[in-house]
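K.L.:
Add chain B to chain A, keeping to what the hints say.
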Amino acid sequence: MTNSNSPMLWSVLTYRDALAAMDFLERAFGFERRCCYTRDDDPSIVEHAELRWPLGGGVMLGSTGKDDSPFGTRAPGNDSVYAVCEDPDALFERATAAGAEVVRGLVDEDYGSRGFSVRDPEGNLWSFGTYRGE
Amino acid sequence: MEPQSDWATALPAPALRAFIESYRGYRMTGFDPGLHRGLPSRHLTFIVSIGPPIDVVAHPEGSPTRPDRFRCVLSGLQPSEALIRHTGHQEGVAIELTPLGCRALFGLPTAALWNTSIELAEVAGRAGDELWERLQAVESWDARFAVCNDVLTRLLRDDGAVAVTVAPELTVAWHAIVRSGGGVAITDLAEEVGWSRQHLRRRFADEFGLSPKLAARIVRFERARLMLQSVPSFVTIAQVAAACGYYDQAHLNRDFAELAGCPPRVWLDDEVPNFQYDDAAGM
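Chains as they are written, first to last, in this note's numbering: chain A, 1 to 134; chain B, 1 to 283.
These aren't lab readings, by the way, just hints derived from the structure by calculation.
One or more hints might be untrue.
[Stated by the list, open to error] Per label pair, the in silico range of CB-to-CB distance:
id : chain 1 : residue 1 : chain 2 : residue 2 : range
1  : B       : Thr165    : A       : Ser6      : 47 to 53 Å
2  : A       : Pro43     : B       : Pro53     : 40 to 46 Å
3  : B       : Thr187    : A       : Asp89     : 53 to 59 Å
4  : B       : Pro263    : A       : Asn78     : 33 to 39 Å
We put the CB at the ideal spot given by N, CA and C, even for glycine.
Isolated chain B, as found in the complex:
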């Protein structure tokens, strides 16, 4: 069968936009079976499978989670790559949940899921099952995204029983890291929010699970990865490194080795033919 891929993206309902950047639907059929690398990102991993489950054969180093199959996987931020085995047919909706939305949807700080993967129902209960079940039953991307809006909007908490918002200082810090493409100096960040570096580092890790420095590194890495996959091949990896704030190409290569487990060229060769977003360049 000829390999086919189909992508669709959409913004979530307005009530969800502070927490979810976008929905990305994907359907890939007719590819060779293989391994997909799930990479560190500024988003939590939140993927609802349609059809075959998500077969995570290796979690990032240090993860307490054992290899497992997930109907709807939810993972916190992560320090390196996970490996997902696929049969050549993959279909689902990836929900780009930011660390600012974990409390609002699940009543948990993102740190509670650091480097950990769970089945959505473990934190969302019946709604986790409902999201999966209803997505199996509709065909069009519009209908699928509407199901996500419906279920996730109902999950939004307003009961006051748990802190559902991230502290304003940490919200500012997170936005500053993302907006700067990971280029902001942590000293400047501490100054901007009015905390000492040590206090920022501790509170940041309590909320998000990682240090501001690692968060900035992951944001820069993700920007480089998105640029790599969305520019033509005559744009060199050295140019990507220069645009994303790496000292040089060797520096970018080192980050790829640590965060993706492979060199950029290998990642491109393995993933990009079946992984092209039309609008990734907009980042």
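The shape of chain A in the complex, shown without the other chains:
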């Protein structure tokens, strides 16, 4: 185990209820929690957390309102993330079973990608597909 396989690009999200969001991202999409630092005197506030996407990459997240910085004062629910997946049908089933709101159902694009888009409980858009980028 060395430090050579770290993702070089991360999305950074903000949530009102960051702990619930982490549970959702794990349950609905299969993200894997790597760390979660909560405030010592108020464990409902996440100062910083990291979740890895099994195929590579990941997201960082924290609680909105955690401080007065530009990071702490961002309005939650406005982000959009795309992740590559290998089995969109199985993931769609998993995500909707976990309560993800369907924005765009499973569809085959004419460029050969198959995927879907859903909304997480705080309004962020999550798209998954087999398309890996140009």
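P.N.:
Using the frame of chain A, we list chain B on its own:
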């Protein structure tokens, strides 16, 4: 030469896991010569050098140990920073020995090494030399960790001549301090183990070399230090302080001044570019 660093970590053999949390191999080449701060930790310092020896130019305040070079350094817990001079090339294996393992491996309470550094062979005899010699001779991290397993497993004592286990009350107390990230109240700790505060404090110091309160402070400090080095820079020091149970950032800064001898930002600037664990965030 372009600076390069290479890290590897592994769990020790099952027989050692109660005493050693992990092995951490490090190899850094092409860096500028400088000073590395060896900081107070929940582990004893137990480092086997590969190549150049470990050149300790200043021990923590109050240490009876004089500046020296070590092939394989073993130190008890410590109250502040040591300074290690390096040429820009550092290579070795750090063995994360907990205070619960000092008796099992060396027949000594951790307190016997409080704020003191020795060459491993002083307590491990021939095995101390063997560990160093065999580590010089193999290249891969897997082979190096296997050498550690082999030598350290043979050191495990079972002769009954000395107490090789820490008293259960002290084992419970140590685990509670570590598990709470240093946040446990000493009164609660005394209650949990069924001793008076005074008795706990005395027995704890006899075993580990320091008070439960200082141990908790060191555990909290180490947690903050590991968090600082493993979160992105947009996570502020104030956030780290809040996550680790400090009243505020000033409180964290004071602990850094006393335990590390410098402010957190200075430590980060000095150490972190050549000091990044992939999995430090898992703590």
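K.L.:
It remains to establish, for every hint, whether it holds in the given structure.
P.N.:
Against the structure, the hints:
Taken as a hint, the range 47 to 53 Å is violated for the pair threonine 165 of chain B and serine 6 of chain A, whose Cβ atoms sit roughly 39 Å apart. For proline 43 of chain A paired with proline 53 of chain B, a C-beta distance near 45 Å keeps the hint of 40 to 46 Å intact. The hinted range of 53 to 59 Å is satisfied by threonine 187 of chain B and aspartate 89 of chain A, whose Cβ atoms lie roughly 57 Å apart. A hinted range of 33 to 39 Å holds for the C-beta pair proline 263 of chain B and asparagine 78 of chain A, which are about 36 Å apart.
The structure fails hint 1 only (numbered hints given earlier).
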